[in-house]
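*Asks:* Place chain B on chain A using the hints.
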Amino acid sequence: MVRCAFIIVMTVDTSLKISGDIDIREYCNSNEVGQSRLIEQAHSEPAVFVQLYRCYYDAVFRYCAHRLFDRVTAEDVTSTVFLKAVENFHRFKGSEKQFRNWLYKIATNAVNDHLRKTARRKNALKLVGETIKTETADRKDADNDNAVKSALLKQAMLTLKPRYQTIITLRFFENLKLTEIAEVLGSSPGTVRSQLSRALVGLRKHIAFDKQGVYEDD
Amino acid sequence: MTDYEKQFEKFARDIKFDDSPDYSHRDKLEKKLLNAMAKHSPQQINIWRIIMKSKITKFAVAAVIIAAVVFSVTLLDKSVTTAYAVEQTIEAMRSISSIHAYCTDWDDSKGETWVQIKPETGEEEYYYADQGNLLIVGTPQKTYYYYRDKNLVRIRNEYVPASEVRLSGFFEDMVKWVEQHDGDIEFNSQFEEDLRKEIIIVHVYVPAQGDMEEKEIVFRVDPQTKLPIDMKAIKTGPGEGVKSVDSLEYNVPIPQGLFDFEIPEGAEVVYE
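If you read the protein sequences in the order shown, they are chains A and B. Those letters in the first sequence? Residues 1 to 218, by this note's numbering. Those letters in the second sequence? Residues 1001 to 1272, by this note's numbering.
Isolated chain A (complex conformation) (with noise of 0.2 Å):
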């Protein structure tokens, strides 16, 4: 008898079971089971680092599609994130709450590279400002209100330095303590604390609110 193992073709494995009989539905929907030991099992087996990817995709894509205002430019920046994780994962040594935060910190660094590159920033304000107005002036619907608002965001977003936008984008958009935008940052949270208010004055500028907390069309 030879000794021999094969076969993987056989093994192809399509379901979200990942080893050690943890099921990836249950686990990212999961704040608390198992985490670090996937990501121990992540750092030998590419299929578990693949399905903490799955996890993690939708995250890293809309804080992409927050920061630059775009889907498709989202979607590339989204792939670079996850290509870079791959290539640095080996130097990542952390628990899962620390590999969602690692890949946040990619994720701005990818965005604000791209950004730099493309002087996309410049592009999208003078955009924005255009479609204000086309936007607002042709829908009298009940999206009207929305597309108002998301374009006065966009414009007001997009006049703040990148690391308020981060800051903005993780805080009100993804959810993140302050703790956690500093951990993303590598800064204190009382740092975070004092840009998120001078962000907020920023913002200020451009998206107004009443007494009842409405927002002021001007």
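The set of hints was computed from the structure by calculation and includes no laboratory data. Small disclaimer: the values here were computed from a predicted structure and weren't measured. Check each hint, because a few of them may be wrong.
[Said to hold, decoys possible] With a straight-line Cα cutoff of 16 Å, these simulated EDC-like cross-link-like pairs (lysine to aspartate or glutamate) come out:
# : chain 1 : residue 1 : chain 2 : residue 2
1 : B       : LYS1006   : A       : ASP210
2 : B       : LYS1010   : A       : ASP70
3 : B       : LYS1235   : B       : GLU1262
4 : B       : LYS1016   : A       : ASP145
5 : A       : LYS211    : B       : GLU1005
6 : B       : LYS1016   : A       : ASP70
*Replies:* Same frame as chain A, now just chain B:
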């Protein structure tokens, strides 16, 4: 939290963004990651566990891996060194320019696959996989997916490989994987009535481990060509590969125009 912060939080929460992920992009990126991991991971072999999902992969890779394994088995049977066997197998793999396979899946659906391989590199170049309702044609420039029931064609402007790796590299990686897992392979010679000749029966057993279920597979090998004739899975996990590769042919001239995909009349076309 200041009043403005609260107001802005509500304002942000109420906005409906166009931020729903597109899962075709996710799947596409997943494949890129697999390729990237193959380059970066010191344990490249594990990528085999997560080859593509489609039947084409199962079929095409099944054909190839069986070829690779049987090469090694037959060479090892002649008591040559493993290294030499590997080398010879790689060389032998490179001599294959096409594979034609008929397969049966666990739902008894039939599939036919053709793969054209660059003999000098072992890399696949074109493939054609007819899986009944779904036809996939991979060409260097584009990959076409035709869903017959919906008369829908999806086109990707790239070659989506049937196998995630170079076929010539497949065997090298597999040997490493063999070293890491405990399994057994037995082979015997017996006269097969249906073929009317003596053939080699290769019986493979891999115990369940981790997320991989127990597997027992038998394939028959032509002692003259050192190539497998067919394969049958006796035990395997659900969704883990085809039930059988009913026939395998090598270096058969590929029908002219097989990889020239033409969009059927009236079909809806989606570019991705």
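*Asks:* Determine for every hint whether it applies to the structure shown.
*Replies:* Here is how each hint holds up against the structure:
Of the pairs offered as hints, the one joining LYS1006(B) and ASP210(A) holds, with about 13 Å between alpha carbons and a cut-off of 16 Å not exceeded. With a C-alpha separation of about 22 Å, the suggested pair LYS1010(B) and ASP70(A) falls outside the 16 Å cut-off, and the hint is violated. Between LYS1235(B) and GLU1262(B) the CA atoms are separated by roughly 39 Å; this puts the pair beyond 16 Å, and the hint is violated. Between LYS1016(B) and ASP145(A) the CA atoms are separated by roughly 10 Å; this keeps the pair inside 16 Å, and the hint holds.
Proximity of LYS211(A) to GLU1005(B) is assessed by CA-CA distance (about 13 Å); at most 16 Å being required, the pair is judged to hold. Between LYS1016(B) and ASP70(A) the CA atoms are separated by roughly 14 Å; this keeps the pair inside 16 Å, and the hint holds.
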